[in-house]
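Chains V and G, in that order, give the protein sequences. When we follow the numbering used here, the leftmost residue of the first sequence carries the number 1, and every step to the right adds one. When we follow the numbering used here, the leftmost residue of the second sequence carries the number 1, and every step to the right adds one.
I should point out that these hints are in silico values taken from the structure, not numbers from a laboratory. Virtual Cβ for every residue (Gly too), placed ideally from N, Cα, C. Any given hint could be a false lead.
[Said to hold, decoys possible] Quick partial rundown of chain V residues pointing at chain G, CB under 10 Å, derived from the structure:
id : residue
1  : Ser106
2  : Tyr107
3  : Asp154
4  : Glu160
5  : Phe161
6  : Asn175
7  : Gly177
8  : Gly199
9  : Glu203
10 : Ile378
11 : Arg381
12 : Phe731
Residue-level listing of the chains:
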Amino acid sequence: MAVEKMSLVSVSGPLKQVNKVLVRCCETKCFHLEPNYYTLTYGSAQFRTLKDKDIYRHLIKRAEDIAQGLGIEDKTVAYDGITMESKHEFDAYFSSIEEEVGDLISYKGFLDNSIDQYRQALRHIENLSNLDTDFKDIISCKYVKVRFGRMPSDSYTKLEFYSDKAFVFVPLDENDGYVWGVYFAPISTKSETDDIFNGLYFERIRIPDYVTGDGETALADLSHQIAELEEQREEVLKQLSEVKEREYDYFLKVRSKLRFLDSSYEMRNQVSVINNRFHMAGFIPTRNLNAFKENLSSVTDVEVEDKPYFIDDRMKPPTKLRNNWLFRPFEMFVKMYGLPAYNGIDPTPYVAITFMLLYGIMFGDLGQGLVISLLGFILDRWKKVKLAPIMMRIGISSAFFGFLYGSVFGNEELITPFFHSEPFYTLMGQPHNIFQASTYLLVAALVIGVILIIICMILNITISIKRQDYESALFGANGIAGMVFYVSVLVAAALQLVLGIPMFTPLYIIFLIVLPLGIMFFKEPLAHIVSNSVRGNVLQTKKLAVATAAIRTSDRLDENDARMLRKQLDHIESMKNVRAVYGRMPVGAQKKLGYHKNAEYAFVPVSEKDEMVYGVYFTPKSNKAKVDEIFLGLSFERMKMPSELTRYKRTKAAMKQEKTVKEKKSVGNMIVEGFIEMFETCLSYLTNTMSFLRVGGFILSHAGMMLVVNVLAGTEFSAGMILVQILGNLFVIVMEGFIVGIQVLRLEFYELFGRFYVSDGKEFTPLQVNV
Amino acid sequence: MSAGSSAVVAKARCKYGKMLTLSDYRQLAGKSDVSYVVAALKLLPGYKKYFSEVTESSVRRNLAEQLLYKWMIGNYTELCHFKFQQKNGFFRYLLKREEIAQIIKAIMYISAGEHENFILYFPMFLQKYSEVNFMELVKARTFKEVVTFMEGTPYHKVLKPLIPEGALFPEIRMVETVMGHHFHDWLTTIIKKEFHGKEREEIEKCVLHSADIYNMKLCYRLKGIYKMPNEQVMDNHLPYHYRFSERDMKTMLEKSDSEPIEALIRKHPYFRHSKDIENADFETVVAYSNLHFFKDRLMLSQYDSVVLFSLVELMTIELSNLTTIIEGIRYSIPSAEIEKMLII
């Protein structure tokens, strides 16, 4: 259950090197950039983000034009061996191609346009092809105005109303709710006629000069001219294809590199800049740290600094799961549910094991399991489907359990099932087939469920203790109290029902059932008591405790300094809402603090190391901006508060103060809430356990479905039987295979994950270029 | 409920699901030209069918509006396809309503000597559902000719008493009133004939709600805008009431002699939602009230008649919203202002 260990790294250097650094970072594929790091640490007033014009954009445009002209498809490839990086180098390469084929590409463009125009004319003329007079003759009429076009069919019916008007409309075709045709009107009534047709939504079509002859002839002419143009286009393409063939591989690589540089250039807006130097920080898997540093060492004047571990508590490290080849594909399910926090536990191995186990039990068939596995292999090999590796694994699990059940494509006579071997045969009442052992199967399913639930409870207790969540660990439904209750009830019920031992004695009930229930009922006040005694530090008095701790642990304060500081702190504390910031600053800078005596703050130096003073400054939140500005000017670098300061034990005064601050909750509320929660908890124990009955149910359903297939196929060997067997098995594999997969996933997410898993992690997303 | 009725309910709700959302309206209102609105409508699932063949670059506002109208009637006829077997049944109510609207419009255009314009704007696809031949109707030049032309239709009897003495046409308001009465009489009779029990109760509520709204609008227009005497307003009102009774109406008209009538109407429980749009005009407030009333009916009712009636009302609101957008864009109104005018 591993989460990849991370290191926080800062990279800085002269601004002119920023592109190279970004490119290197992308190439390493292991750098998770934290764009807000510097503005969070030093304030947005000091740092600006880099926003400037993209220098590669026009080169990309040229590359696309050339690719379109040469007919090179839109594809991104690996650009190994392409050394060009500056825009001049790209410019020179594209210019050489343009010089050679620029004219041809332009001519091809001209031909494409012409073909489009002719085709459009052809589409129009197709609707006017019933015209039996020469277009040219009609258009050249001197005293009659002619308009070709179309109008909605609704409008055409209205023409009847204008029968007394001086125009003639000749319909030539009707389709898609429009009537195509031509109208003629004497020049003297041209305007009136145009108005009428406008009102009838007549859409005029201009007939190009090159359209001559009657409808049929014009169509034939246009088709012929299009064919001629296409022939010329073919000739041009032939000439271009020689260049394409020669340049194809190299051009693809150059364009891919250019796209990569263009995209990496866009990342500049995530970089912080101050005084003509760029700064960026991010997380790297610790095992890749040296390789990363080595990769960046080729860029001159760039500094890579390995920051102290988790220097800033506001910087949440990303989570990258790390599992072996067997479990890795199941990370998909964990990501689907939500990643664990960086310091959390990776549940992937648990998911992998339980998923394979449950799937195998529910869908056990040697033949079908191997088919699923093979299908997974094929999908993984050729289609890279994410689910495919999981299919390979669960297929094998299914095959293994199929072997135990003695089921090969539903045939239960080829292999002896485990329940026909001793001692199972006798113990299970000599079952002939799986249906006769159904009671045992369902009980076994429940036992599996109980074991898995108990494992989840143990995991929850472990994780909660690690997170100092004592309420959940000790008193929660999935904590120690809950586990004692659950196990006690189950054990007692099992022993009483199976062996007839009377377990529910008053003592048993009081100590192992009622007491845990009572603890769960009063978990809130109990947790509060435990939390207070264990943690020793609570939020409300944290700042005061930190100050006291800082003064006590300081090796740089004499008695006078300490007294002065306490006075300052008392003053600040009385203002409430105090902010404590831990960090470091150069020794010289600390001396300059004397210039800012009027500001409301107190700085407690804790220790000194390598010319740097480590300490905490306290300031009322109302004065935060001003004091932060002062410390920023003195190059104060914010860091995570060390644990020796935060875990300082509270004073009695602090405890008293805390008591007054604590939220008051009425007893009535607590009882009502507790009662409802108790009811829900007890019900969920029962339902969650019963939910595992489906594990046994699916074994029976699989056997039932295969029985149907076998009955349909019959016993007589024939082509029909083979066909029915193949189709039946395919149907069962597809339908039941998916249903079981979904059911197992449901059990994982709902019955198991909900008991222990907290998904509050952030995904590790290395800087990379999307091309 | 029969399987056919369940299918109509499901389909109607499905059509409602395809209706425009706030983000769709925002997107459309943000367009700079009607052609872009049409191009956007072509991509929307509910409108694709009606706009796919239109050339957006040359489309005009009138055509766009006609297509939207076709969308509404088309959706309705699709849903009622199997219900049309019964001639003059309830499920033809929208076609009847639109037929009446076109007759009133035709009389209006003829009386103004603009019969050609009526033909230009007449939605020709309605002709196949109508027993009145509108192409022939507009050839009439006097009201008497119109009435004569209507012989053999139910409208002859309705319009005949209006033939004026000494004038070519009666007041158009009077035509509207008698036709409105005729439509509601027909609708209520047909509901009583075709529906029973809970379904009749629900559909009657919908129709009476519409009658209430009609009467309120009447009060607002005739009394508020045209300053007509109370008796004349009462003469024109629809004698169907749900939560706005005849007595309420009389009291309100009396009160309105000393107070603005719009404020009085707005106090009615129908407009409780209008608090959110206090500055909106009266027509908007009415549409807003309809939106709430019929949205609830569409979602909650089990009866196809009620669901269909509600869908028509909601489609009418959507149609009006789209017309607002198109008009707004045409007059270069900022999108934020257009948005304020929409009934959402």
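Hint-by-hint comparison with the structure:
no.	hint	result
1	Ser106	violated, 28 Å
2	Tyr107	violated, 29 Å
3	Asp154	holds, 4 Å
4	Glu160	holds, 6 Å
5	Phe161	holds, 5 Å
6	Asn175	holds, 9 Å
7	Gly177	holds, 6 Å
8	Gly199	holds, 4 Å
9	Glu203	holds, 5 Å
10	Ile378	violated, 38 Å
11	Arg381	violated, 40 Å
12	Phe731	violated, 31 Å
Hints 1, 2, 10, 11 and 12 from the list above are not met by this structure, while the remaining hints are.
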